[in-house]
Structures are given as C-alpha cells and as structure tokens.
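Colleague: Sequence:
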Amino acid sequence: VLANDHVDFDIRAQEVHALLGENGAGKTTLMNILFGYLQPDEGQIYLRGRPVRFNSPQDALRHGIGMVHQYRKLVPAHTVLENIILGHPKARGVINERRAAEEIAALAESYGFRIDLKAYVWQLTEGERQVVEIIKALYRGAHILIMDEPTSALTPTETEQLLQAIERMTSSNLGVVPFITHKLPVVLRISHRVSILRRGRIVATLKTAETNERELARLLVGRDVIFDVKKPPQEPGEPVLELQNVSALSDKGTPALRDVSFTLREGQILGIAGVLGNGQHELAEVIAGLRPVESGRILFRGQDITRAPVLERWRMGIGYTPAERTEVGSIPDFSLVENVALNHFWDRQYVRSGFLDYGRLRSLTRNILDEFKVVAAGPEARGKTLSGGNLQKVIMGRVLARKPRLLVANLPAQGLDIGAIEFVQQQLLAARSQGTAIILISEDLDEILMLSDIIAPMYEGQIMALLKAEEADRETVGTLIAGGQVRRSAG
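Just so you know, the working numbering puts 209 at position 223 of the sequence shown, and the rest follows in order with no gaps.
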C-alpha cells in the first residue's frame, strides 16, 4: 500500500503545524519517517537547510527530534524517573539520579507540568503518562516535538492542560510542534497552519486563522460532512438488559461500580457519560462478562447472566466493542480474517465439519472492509498494519455482522477521523432502528446528547441520574459527571 505519495511538508520555528487526515491517510507513516522508524523510498528531508537521513530514532533524537506516540512507549513497572532516563546517553555510565531528578523537575516546571518522579507508571492516568513522554523527549534535547493524536485518550481537563503546555512550548526555545490529530476544534484552537493529507498526498496547506471546521472537514474526506446526525423518533420495545444494584471492583481492588441499576429496552441507546476513570470501563466489562460482579444481578432478556461466561453471552446475542483495540479487541499479529473469526468461530454458518470455513470467513471479512470503507491491503493483511481507526472499523464491523440484541460500544469513535465518526454513528443508529439495544460509552458530550435516548452520567462508579434525551443538556450532564446534583430524572 502506498502510504505517502510525493509529500511536501515543512515546519517552521515557533509554530504548531497540524496534520489532518482520514484513518489510513498516511499521517503516522510520514511522522515515522521524520522520526527515523521508517526510511523513505524516495525524496529528501532537510533540517535547517541541510539534507539529513535518519536510519533510526536515535539518529532523529541526535538531531533534536522527539516524538510522543499515540500508544505509550513506557515501562509500567518502572518509576517516572527511571522511564525518563532509560536509554538516555547519560545512563550508559553511572548516573546521578538525584541530579537527574532535579534537572527533570526543573524542566517539567518550566513548561507547567506537574509529575511525581517517584510514582510508578502503572499508577498514572493517561494524561500523566503523556506528560512523562513529553518530558522524556524534552530531556533528550528535542526542539522538534512530534505529537501523534495527543488528545485522543485525555479528559477535557487534561486536554486543556496539554494545549496550554503546547502554547508555552511554542513561545519558548522548543519552537516547532507537528501535531497529528482528528479533532478539528483542537486544530483550530492550537495550530498556526494545517495541512490535509488524503490518500497519501497533501491536498492543502492553510493558515488556521483563515479556515473553519466545515472547510477542513470537506478537505479531509473530499465531501461535505454531516456534523449533526439525525436520530429518528422510535418507540422502545421489550426490556433487553437490566442491572440490579451491581457493584464491582477495579483492577486495583478498589470499588469501581457502586449499586448501578438501570433497564435498557429494544431499540434504545443508553449513553454513559463521564470523565475517564469513573467506572465506565468497568461497567462495560461487567456486562460483557470480562469482570466479576461483587454484588447485584444482571438480567438479559429476563435471564440471570450475572455469572455467565463471555462465550455464553456472545451466543445469547451480546456484542462488545472494547476501547482497547490492540490489547482486547484484536490480535495484531493475526490477519484480518483471523481477527474477524474471533467473533464467529462457534457460528455454524462459518464452521464446517468442526473446522473454520476459511472461504466464508474471508468473504465476510471482505464485505466488512468494503462496507466500512477500511483502508487495508486486503483480508490477509495483519491487524498491526492498520491505523487505529481502521482497526476500530473492523472490530465494529465483525460485531455488527452478528446482528446482536445488545451492543456495548466502549469509546467507539475514539481516534477516528470525522468521516469515520459520522459513519460509526450512522451504524449505531441503523442498529437501533433494527431493535438492537445499545450502551454507548463516550467522553464526547455532543455525541452522547446527539445519539442517546437515555443519558446516564457517571461519577465515582455511580449513575447520578437517568435523563431522557429531550430533558438533557450540556450544563445538566456536565454538572452530574462532576458529582453535582440536579432534580430532573427519567424513570
């Protein structure tokens, strides 16, 4: 697959140059070339007017180029300090940890970052881990900092803190920040220029002050984009899922869900709103059967499934699209056919004489690639060769292909480009119209308000209220996910 096709892209001192593109457009490939992970087949890179070639990330680092990856490159079992100095040239001899800690603390403070150098990485939030990645690059002397989808997994507060830090960086000696993202409001807020990459080619480079969200969206996908997907009115059917006072623990053994109760009916979308880390992830896993229930009951179409294993739930018609695409949702080294088979290996339609019918699975995979407009070399492509957004489409497609009675969609639009988000939202509404009950977990309040029939704001493991969509607004939901109280509630 041709990932980059005669790309001309320049970065200037003291500016944020955003790079926009659909999933699979070649953004990450381009930045991996700049960081030395990949070498171009043709063309030339110039740094301060001189031709350079990076054969490895170490080459790029020696020239002052750092990268903050979308998927963290940290060692969870080590401390923040150990992760920052790991691999640093100074660490090859005997390193003075006290002096290093003082230097790193001063560096972090100069950009407004606060981080506990003694904390272990596994104890950190996603936003804190990103700060560690940034400080690690700066400590190595980076003055060009590449940021790949830096806000995709951050809370609104963490996003604001990051944007403020980037503004401080560009006003300092750091100078240059290539900024790869799908989020148009973030681009308009933080960048000075924006380039659009489509199918491996730069189709436009604009001054941010002279463009707007709709123009960027049109350039991004090559057509006008519907920002407000219309949800048709629909009467709910019979109860599909009922939670009765369900409580569960987190991975650390602390309470994650506290007496959660609700009923979800056929053709309804229940939107779970909240800041990351307030029990939404655990709620999804409890319903999918991946996390045990400490107390309470879960009923599916009237049947108690509280202790039912995952496979039994799948067979009953419960579908799950996890937020962790590469850790839970797929096996990166498997082909796309094999990844699709993960949701169909017990289905008689795809099993013949006790063996998987590879031909039928391959045909199903090709249909998913076509219907969901997945950019991939074909059904035999490895999962790890797809962009995050395209992998998400495959996961969503294979689950919806089974026409589940209940779909638990955990952050289904996270990291997707605006065209893919529109497509996924339309797929959710199409499933709703066919009677599927849907639990939509999202940190995007606009998405929750637009798609949901009932909205359940979560705070510290509790559902604060069950709001009818027509009664909910940003202020009300925002108050509830922050732990506040309102009077309105749906039955």
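Derived by calculation from the structure, the hints in this document are not laboratory data. Please note that a few of the clues may not be correct.
To be verified - With a straight-line Cα cutoff of 27 Å, these simulated DSS-like cross-link-like pairs (lysine-lysine) come out: (1) Lys193 / Lys216; (2) Lys359 / Lys193; (3) Lys216 / Lys454; (4) Lys370 / Lys217; (5) Lys59 / Lys238; (6) Lys359 / Lys370; (7) Lys216 / Lys59; (8) Lys370 / Lys59; (9) Lys389 / Lys216; (10) Lys104 / Lys238; (11) Lys169 / Lys216; (12) Lys169 / Lys389; (13) Lys389 / Lys454; (14) Lys169 / Lys217; (15) Lys104 / Lys217; (16) Lys216 / Lys359; (17) Lys217 / Lys454; (18) Lys104 / Lys169; (19) Lys193 / Lys217.
Just so you know, these numbers come straight off a predicted model, no measurement behind them.
Colleague: Measure nothing beyond the straight line between the CA atoms of Lys217 and Lys454; if it is 27 Å or shorter, mark the hint as holding.
Modeller: holds (14 Å)
Colleague: Check whether the Cα positions of Lys193 and Lys216 lie no farther apart than 27 Å.
Modeller: violated (32 Å)
Colleague: Are the Cα positions of Lys104 and Lys169 separated by 27 Å at most?
Modeller: violated (33 Å)
Colleague: Quick one, are Lys216 and Lys454 close enough, alpha carbons at most 27 Å?
Modeller: holds (17 Å)
Colleague: For Lys216 and Lys359, compute the direct alpha-carbon distance and say whether it is at most 27 Å.
Modeller: Holds: Lys216 and Lys359 sit about 21 Å apart, inside 27 Å.
Colleague: Quick one, are Lys359 and Lys370 close enough, alpha carbons at most 27 Å?
Modeller: holds (17 Å)
Colleague: Hint check: Lys104 vs Lys238, CA-CA at most 27 Å. Holds or violated?
Modeller: holds (19 Å)
Colleague: Lys370 and Lys59: Cα distance at most 27 Å?
Modeller: holds (16 Å)
Colleague: CA of Lys169 to CA of Lys389, is that 27 Å or under?
Modeller: Violated, at roughly 30 Å.
Colleague: Given the hinted pair Lys389 and Lys454, is their Cα-Cα distance within 27 Å?
Modeller: holds (26 Å)
Colleague: For the pair we were handed, Lys169 and Lys216, check the Cα-Cα distance against 27 Å.
Modeller: holds (21 Å)
Colleague: Mind checking the alpha carbons of Lys359 and Lys193 for me, to see if they're no more than 27 Å apart?
Modeller: violated (30 Å)
Violated hints for the displayed structure, listed by number in ascending order: 1, 2, 4, 7, 12, 15, 18, 19.
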